[in-house]
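Participant: Sequence lines, in order, name chains P and L. Each residue of the first sequence is one higher than the one before, starting from 1 at the first, in the numbering used here. Each residue of the second sequence is one higher than the one before, starting from 1 at the first, in the numbering used here.
One should not assume that every hint holds.
Listed next, with one range per pair, are the computed distances between beta-carbon atoms [claimed, not checked]:
#: 1; chain 1: P; residue 1: Ala88; chain 2: L; residue 2: Pro297; range: 51 to 57 Å
#: 2; chain 1: L; residue 1: Asn234; chain 2: P; residue 2: Tyr189; range: 47 to 53 Å
#: 3; chain 1: P; residue 1: Gly43; chain 2: L; residue 2: Thr2; range: 53 to 59 Å
#: 4; chain 1: L; residue 1: Glu306; chain 2: P; residue 2: Gly49; range: 35 to 41 Å
#: 5; chain 1: P; residue 1: Glu245; chain 2: L; residue 2: Pro94; range: 56 to 62 Å
#: 6; chain 1: L; residue 1: Thr236; chain 2: P; residue 2: Ala271; range: 32 to 38 Å
#: 7; chain 1: L; residue 1: Val299; chain 2: P; residue 2: Glu183; range: 47 to 53 Å
Every beta carbon over 10 Å from chain P, so not counted as near; a handful from chain L, in silico [claimed, not checked]:
#: 8; residue: Glu21
#: 9; residue: Gly85
#: 10; residue: Leu100
#: 11; residue: Ala108
#: 12; residue: His112
#: 13; residue: Asp126
#: 14; residue: Ser179
#: 15; residue: Asp209
#: 16; residue: Asn234
#: 17; residue: Glu250
#: 18; residue: Asp255
#: 19; residue: Glu284
#: 20; residue: His307
#: 21; residue: Val308
Note that these hints are calculated values from the structure, not bench results. Note that this is a predicted model, so its numbers are computed, not measured. All residues carry an ideal CB built from backbone N, CA and C; glycine is no exception.
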Amino acid sequence: MTQRNVLEAINDALDGEMERDPRVMVLGLDVGKLGGVFRATTGLLQKHGAERVVDTPLAEASIVGASLGLAISGMVPVAEIQFLGFTAQAFHQIGPQLARYRMRSRGTYHCQVTIRAPFGGGISSPEFHSDAVEAQFVQSPGIKVVMPSNPYDAKGLLIEAIRDPDPVIYCEPDRLYRLGRTEVPDGPYTVPFGRAAVVREGGDVTLVAWSAAVELCLRAADQLAQEGIAATVVDLRTLVPFDVETVVKAVARTGRCVVVHEAPLSAGFGAEVVAMLAREAFYDLDAPVERVGSYDVPYPPAPLEGWYLPSVQRVVAAAHRTVRL
Amino acid sequence: MTDAVLLEALRWMLMSRAYDERATAMQRQGLYGVFSPALGQEASVVGSSMALDPSRDWIVPQYRELMAVVRHGYPLDRLAAIGMGRGSTASRIPEGVNVLPTQVALAAQLPHATGLAWGLKLQKKDAVVMTYVGDGGSSEGDFHEALNLAGVQRAPVVFFLQNNQWAISTPRRIQTATSSFASRAAGYGFPGVEVDGNDVLAVYEVACDAVKLARSGGGPTLIESVTYRMSFHNTTDNPSLYEDPKERDEAGRRDPIDRVVKFLRRKGLWDEAIASQTQAGVREEIDGAFARAAGFPAVSAEDLFEHVYEELPHQLRRQQDDLSRSGGQT
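Okay, chain L solo, but in the shape it has when bound:
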């Protein structure tokens, strides 16, 4: 990673944390829906996505990688608008942005990523798919089926598993008896790599290797990025009921942002002036995105029937008529 790329990575990591803070604060005021921060996982999210070329590669996300999809071209204001309940047009992904919608049914996105990569390969497109899953999602049957099929088809896909130690309140040690998620790759006939997920340089390097392998026809890689969820699962969660605070404190000492800052400082590439200038830029970008988000159209009753089918079946047209006759009453 060159210094310039590392500085760019740090900026994305700061963006991720600033977005988390803003969205969480707004959720507490009733201005944003349920939200899952990426706090503590910024190196994982940013380092992996920076290995991709947004003009040809694809991201198939789960939901805790917002800055990965933003870096890939998904406009930040649209994400903010969806969070603010203005998703009727904001949820549309702009043309040319190679990102699939976020996935809440965990691991269900993995077979989609395999199929997408397989199809791109069949059409001889020079494209790699990166898909995200967590330690919890890895227990789903879809995880097994998707990796198995990807191996058989040698699909150009990178499975990026963020092991953040928690599936809501379920700790990693009772998620699986294996000591390594990466070792599962052996069962699918492709490489598995474990990486310090709080080290953005290391994450970037293994992600670049995996993307290169996929691009050259070498098939999939499973990356286990070992990190820590330094926040709640989402804004409905209360980790004090199950998490040992010592564990959180210890994770805080491995904060991925602090580590990059320390590294850059030692290289003479970071000081108070650069920090405040960067933070001001990040704040401005977040402010701008949320201001534009508020301007997205509010949802309307008609949204219910739009985009269910290309053409509404008869029985749905009748239901739509019932709704319009009610004059928009709920």
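In isolation and in its complexed conformation, chain P is listed as follows:
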């Protein structure tokens, strides 16, 4: 066990997988000597060489498209898209190509490709650097959508992603990269996809979140606890696969639920969670399920992001609305 932050956990996962499997390679902008703009790939070039840690031209579509071809050739590419917002420049290679290649070839080919991409607000980034567009990938059948929220999961889910025969988009919460260190095992281990984690238990209300919003919900739960409201916090960990069972079970216990995410509210994955609960937990609900997301406006300039992003206050207020009914 070593104390690691999210960034160190990711670096450790990449290093370990490259050591274990010579087919694993890392490619993207600035992943080599610089070690990535957040330094997630620090030291990999020096250790694994320039053939396996490749600085690519500044062109997201070909980073993803070439990864598809590399995978068919027998390599296991881990592509870094510098920020999730930049996947817009590559989207036609992700949803319509990478995700569908197994289906298009009726199983002849599969794409063992992981796309890593930092995202999320609260770090005063320039435009397009913070956008939470994870739901776009949920609408792209064939790819898995992974949203780690802490160092332990960051390592275990990334190793699982790299070993998964299907393509995975692994969205990294950049605000949490260096937020704190927790115990992370040294050797390889995996966290299976499709198993949500109950990270805090309480009988009054269930807060459902993923990625950096989990940390937000934990802070909101602390505040609610001071008022005598006990919150369960469920971390979905992955949106595809979506662990319906764990969410339904938690909500059945509390009868109240708030779904929290950084993405714009309308048609965010929170809407999917609510629709699912309306079908699967209808008779257990004591109040309408609340959602807290960002507003349906373009991600604003940094000085405005405090009003834009979900906050502890907004989560607490939503919890009050459900509990007081």
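Keeping the supplied structure of chain P fixed, place chain L upon it in accordance with the hints.
Facilitator: Below, chain L alone, put in the same frame as chain P:
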């Protein structure tokens, strides 16, 4: 090109035209899906693919090169079955056939070809990738990104651009302001070659040179094969709305098949007897392929969920259950 190779090339060209005729006729009867013939481009399609060794090289196609992938080992009956709506197993590419699926999102295949060639090189495999695109596809961003990356990595890939003068109804002159697609290669740091795409001997020669360069570690080549689409874009198209018939007539005088026949005739290698014997063989092969195609399994509702993931995520398993509970109702 030896005489024997040229005769083989002509046979493939005749196969391509016969397949076009059959598939088009069947589409008109509602027995085949939307179809894009290669009519007029046979020298381009066949001459390029014959430069490859199917046992080690790869083809990353677009969609107007069916006979290239058949020559490379993709069974003709499977192609026919896909066209006839029996693609659930036919779309599976047999083991050892180094071909990727056809691509309908134009130019999206080019980064795949670059990555495939790059990966084969990383694994020290003696293999070259040939990928196809058209004059229309060359305007896509993927064209630029794929060629740029291939140049940087010196990937063993040949970009074969069939300039057939049309992107559906959009003529080549408003596709780009440059007079030469081949000249773009200079911007990527590798050779660009323009070739008469209706001359199978010339196409074969430049393709062989490009494959040789790639195989020896010299990196990519862009080949612009100047040809003409002597038919419609696909069976939904109506060229009479936009194409000057004079242009088509003139292209007809450069028919790539006529040119080979004339050449072989002059060499004493082609006469009526050989022609009818060859045509009979081609017909037999096409008949056989379509007969076998009809025997491929029909599609079923279960196909929807197969091959989406190796293992279905929970939410998809629930949707699959919903479909099975409906008893196969649409």
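Participant: So which of those numbered hints doesn't the model satisfy?
Facilitator: 1, 5, 10, 11, 12, 20 and 21
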